[in-house]
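Could you build the full structure based on these sequences and the hints that come with them?
2 protein chains.
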Amino acid sequence: MSDRINRREMFKLATAGAAGAGLYKGLAEWGLMPAWASQAADLSRNLASVYESLGRWILLAPQKLGGGTHAVDLSTGKGLAWISYWNYGDTCPISHHVAAYPSDDPYKGFEFVNSTQGGENVLIYGIPTRIKEMGILDKYGQGNHIYRVRFNGQQMELVEDISETTGIGLGVHTVIYPDAKGFSCSDGQKDVAAFFDRAQGNGKTKVQMAFRTDWVPNNSDSLERCWQEGGTLRLTRLVEPKETGKYELEGTSGNKINWEMAPMAELLVERGQIPGRSPHTLVGLDATIHHPGNRYSVLINRLAAAAVIVDRTTWEPVACLHTPEGSPGNLPVKKVASGPDVWEVKFEDVKCPAHEAGFSPDGKHFTMMNNLRQNNMPIFDTSDEDPRNWKKTVFVKDPTWTGEYPSPFHLCFSMDGSKMFVSVLSPKPASSGSVAVDTRSWKIIKKFDNIGPDCQTMSVTYDGKHGLQIYSGFQRMGCGFFVYRQDTLEPVGFLPNYGGHHDSVIVPTAVEHLRNSRCTTL
Amino acid sequence: MSDRINRREMFKLATAGAAGAGLYKGLAEWGLMPAWASQAADLSRNLASVYESLGRWILLAPQKLGGGTHAVDLSTGKGLAWISYWNYGDTCPISHHVAAYPSDDPYKGFEFVNSTQGGENVLIYGIPTRIKEMGILDKYGQGNHIYRVRFNGQQMELVEDISETTGIGLGVHTVIYPDAKGFSCSDGQKDVAAFFDRAQGNGKTKVQMAFRTDWVPNNSDSLERCWQEGGTLRLTRLVEPKETGKYELEGTSGNKINWEMAPMAELLVERGQIPGRSPHTLVGLDATIHHPGNRYSVLINRLAAAAVIVDRTTWEPVACLHTPEGSPGNLPVKKVASGPDVWEVKFEDVKCPAHEAGFSPDGKHFTMMNNLRQNNMPIFDTSDEDPRNWKKTVFVKDPTWTGEYPSPFHLCFSMDGSKMFVSVLSPKPASSGSVAVDTRSWKIIKKFDNIGPDCQTMSVTYDGKHGLQIYSGFQRMGCGFFVYRQDTLEPVGFLPNYGGHHDSVIVPTAVEHLRNSRCTTL
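Residue numbers (our numbering), protein chains in the order written: chain X, 16 to 537; chain L, 16 to 537.
By construction, these hints were calculated from the structure, which means they are not laboratory data. All of these numbers come straight from a predicted model, not from anything done at the bench. It is possible that part of the hints are untrue.
Where chains are identical, the list cannot tell them apart; a pair therefore holds if satisfied intra-copy or between any two copies.
For lysine-lysine, the following DSSO-like pairs were computed, each having C-alpha atoms within a straight-line distance of at most 30 Å [what the hints assert, rightly or not]:
id, residue 1, residue 2
1, Lys147, Lys261
2, Lys462, Lys123
3, Lys480, Lys154
4, Lys443, Lys379
5, Lys366, Lys407
6, Lys147, Lys350
7, Lys123, Lys443
8, Lys147, Lys219
9, Lys412, Lys480
10, Lys147, Lys221
11, Lys461, Lys406
12, Lys261, Lys350
13, Lys123, Lys412
14, Lys366, Lys412
So, in structure tokens, the structure goes:
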């Protein structure tokens with residue numbers, strides 16, 4: 016038998032590392048191994064084969080309080096390039112969310128947009144710092160930059176601060192259009208969402224459209240009852256100041272609250288525990304996502320649990336999905352003023368706040384997380400051409416999702432659309448997990464428990480093979496990413512990734528990949 | 016045969032990843048595999064076994080322009096904790112060098128000291144930044160902090176800024192004493208080295224002693240000839256201001272040059288290309304190291320190629336090693352004044368600047384890199400009890416070490432002392448490498464070429480198994496660490512590590528480990 020195991024196979028075994036060596040030992044005892052093989056099998060613990068199986072994909076991850084963004088080549092395990100925004104004079108660079116444009120060969124170059132928070136957001140993680148008292152948050156530390164960054168094949172280059180170009184500073188989700196011809200960005204402290212074109216090379220980005228949402232409560236006497244007892248969501252089209260050609264929304268300008276509602280922190284607003292200029296008008300418009308059909312975008316309003324559907328061909332809202340269980344799923348949107356344009360949506364009540372959201376890659380389903388008062392994921396049938404006919408159908412639930420935690424958090428879909436991956440958050444300092452949901456039955460079919468503290472977004476390799484769950488440790492704690500198979504849901508393992516990651520995206524190599532990237536889901 | 020491969024062995028194979036799967040295929044074809052094994056072998060590409068072989072060690076790496084420091088658990092591939100210094104109001108936190116105190120169980124807690132640079136050092140990497148014009152380097156961006164940081168088993172805590180406590184701000188090598196009872200730190204812009212005790216818990220660090228070195232050239236008419244034509248190295252004991260109890264050396268105070276001499280940048284000073292208050296008195300005292308016997312410390316003076324040996328029991332200098340080939344190896348030190356104490360060393364010429372240095376773990380050998388004009392490593396026999404008898408003996412050379420590059424750079428030793436590992440720097444953006452030198456013959460016995468851009472320090476696992484070479488990419492470019500076997504010198508592979516790493520150290524779990532840590536070598 017032994018002569019049938021050739022040198023090449025032995026080399027493979029040798030490169031398989033400790034476990035390979037273990038097996039080698041077994042085979043040696045059974046007399047299956049030639050003598051020369053012994054040394055190689057003992058010596059070499061080459062990681063290369065492990066990386067090879069992950070494929071040629073580049074993972075991009077912003078570091079939040081780490082202050083920069085990293086690119087890692089999954090096929091080699093090597094850090095490819097990185098950027099740190101304080102190098103450019105940003106004194107509170109909370110590198111928050113990223114989205115990457117497709118690139119035929121991202122190893123030769125690609126471009127991404129990276130929002131940052133700033134100001135008092137640095138104070139909400141229990142770090143004993145005097146940064147505010149030192150005055151460092153006042154001027155260059157206000158944050159809300161939208162950086163456009165290019166990897167040039169060798170290093171990262173800061174190409175443009177879109178907030179400086181346009182006067183619109185927003186600090187949360189950056190989301191690329193399905194056709195890669197622009198992106199949107201939002202901010203839940205300002206309740207502003209803006210849509211931008213894609214600047215070419217060293218050109219400057221232009222604003223296509225911007226909206227603000229505001230809440231007018233039925234009960235204006237009680238912050239505590241402000242949202243629960245219903246009210247009116249007003250959507251206002253923002254207009255550009257004529258003389259300057261720039262909006263006046265940079266830095267902390269326009270903030271209704273002094274720091275963001277952290278994940279699962281919506282009720283702090285009701286309790287008056289997040290100070291600011293105008294918490295009672297807050298809806299928490301901190302994200303937009305795009306239907307893969309490339310016509311409709313969704314404005315996510317957390318405190319109203321409302322997804323306002325905007326037609327990007329007319330720049331008008333057409334419908335409003337409402338997510339709590341027991342509430343109507345689709346509310347009418349009515350235009351009430353022009354100059355500037357204002358639309359309204361009426362809510363009898365808001366049974367529960369909602370947060371992260373996404374479309375399936377075929378565009379036939381939409382979901383958004385009901386958190387805190389309910390703890391489930393409503394599934395909307397969005398297969399109809401007219402968003403006014405989109406319907407809430409079933410709910411993804413789990414017996415352990417009771418009370419405020421554990422809470423379904425971020426989501427993404429497998430490349431074949433057969434599974435929805437959901438990160439499930441546990442409170443600090445506990446470890447969070449991830450689950451896979453079957454998209455026919457909308458039942459949880461696999462759980463990855465105890466991945467690490469603070470599981471945030473997921474990303475998938477566009478070859479359909481792997482899913483990646485980043486975890487960030489509520490800042491300063493454990494961090495990394497966990498890899499599993501998209502098809503079989505087998506765990507692969509952990510890879511180091513440093514910093515307080517809050518997001519992750521794999522650079523698409525084709526426009527179609529955006530259907531499973533930071534475009535359709537958060 | 017097939018029934019002799021049991022389920023446990025199959026599991027090992029399965030967890031060995033792609034290569035294991037490859038071998039599995041082979042074995043299956045030979046009829047050696049039971050049917051149930053197929054699925055497991057195909058599915059699981061578990062990295063766990065690879066990490067397991069690296070062992071329970073924590074690697075600590077400062078990010079330089081990344082602005083923080085990371086700890087990774089090598090046994091799991093997980094980021095354990097991290098810190099980012101801008102969070103604390105440091106607006107130019109170039110996280111430069113680290114040294115870790117031993118801890119019985121570093122997973123439960125350990126402490127490290129982390130120097131930072133600041134000021135104009137951020138400008139020397141070709142980053143198009145206006146940080147200086149914005150005034151951000153003026154006040155809180157001067158750098159030269161010496162942070163004492165504790166990992167508390169869950170997260171990193173900034174315990175003390177030793178520069179604020181003592182008034183001594185230094186930005187380069189932090190080096191722990193062999194008995195772990197204190198550390199020293201230095202700065203090559205100020206030519207100051209200071210020795211500190213080890214504060215307990217939340218106590219404050221005290222200065223044990225501090226020195227400054229200055230150059231008095233023979234030819235004071237020409238900066239170009241200032242060092243080459245010889246001169247006098249003056250060593251001055253610094254004294255603490257009585258009324259304030261604090262030195263006045265924080266931030267940029269005391270800088271002779273406005274930014275550091277980067278590696279292999281010594282000749283820029285001769286050419287007048289590094290501006291500052293007093294380049295003509297510069298010697299570049301940017302490091303100290305300690306003889307493992309715990310009595311003698313070495314002050315490294317780059318431009319004089321001089322290693323001044325200080326007796327820490329008397330706090331007096333006793334000898335001065337001079338490193339260039341063709342120059343005397345041991346020069347007398349003469350006391351010339353007291354109040355404050357001043358000692359002098361005379362140099363007929365300086366044939367070549369020198370840089371990083373280290374002792375072998377048994378204390379019998381010392382080396383220091385001759386760079387730029389010569390390109391070799393002199394080996395000193397330091398086995399005599401009296402440093403005045405330490406002798407330059409042989410040189411480590413390589414046929415490719417001609418001209419300025421490639422240059423031997425950092426060094427460390429295998430646990431058994433049989434090998435010296437040396438990083439070999441190539442200029443940006445080329446990849447650098449690493450070599451292993453036999454410590455009997457002082458010949459290079461292995462080369463790892465093309466590891467990555469900007470190979471910096473190495474560290475060894477204290478079980479004698481692995482060596483780690485960190486590379487940082489000259490900021491913003493590729494980064495990571497490369498692992499090889501200390502014993503067989505077989506390559507193991509790469510692991511991701513993000514940021515502009517300039518240093519790395521494995522947290523010691525016993526005081527003896529310091530002989531192979533950031534204590535005896537740089």
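Do the hints match the structure? See the list:
no. : hint            : result
1   : Lys147 / Lys261 : both (28 Å within a copy, 26 Å between copies)
2   : Lys462 / Lys123 : between (37 Å within a copy, 29 Å between copies)
3   : Lys480 / Lys154 : neither (46 Å within a copy, 50 Å between copies)
4   : Lys443 / Lys379 : neither (35 Å within a copy, 50 Å between copies)
5   : Lys366 / Lys407 : within (15 Å within a copy, 81 Å between copies)
6   : Lys147 / Lys350 : neither (42 Å within a copy, 50 Å between copies)
7   : Lys123 / Lys443 : between (39 Å within a copy, 18 Å between copies)
8   : Lys147 / Lys219 : between (32 Å within a copy, 24 Å between copies)
9   : Lys412 / Lys480 : within (26 Å within a copy, 48 Å between copies)
10  : Lys147 / Lys221 : between (33 Å within a copy, 29 Å between copies)
11  : Lys461 / Lys406 : within (27 Å within a copy, 67 Å between copies)
12  : Lys261 / Lys350 : within (26 Å within a copy, 68 Å between copies)
13  : Lys123 / Lys412 : neither (43 Å within a copy, 37 Å between copies)
14  : Lys366 / Lys412 : within (17 Å within a copy, 75 Å between copies)
Comparing the model with each earlier hint shows violations of hints 3, 4, 6 and 13; every other hint is respected.
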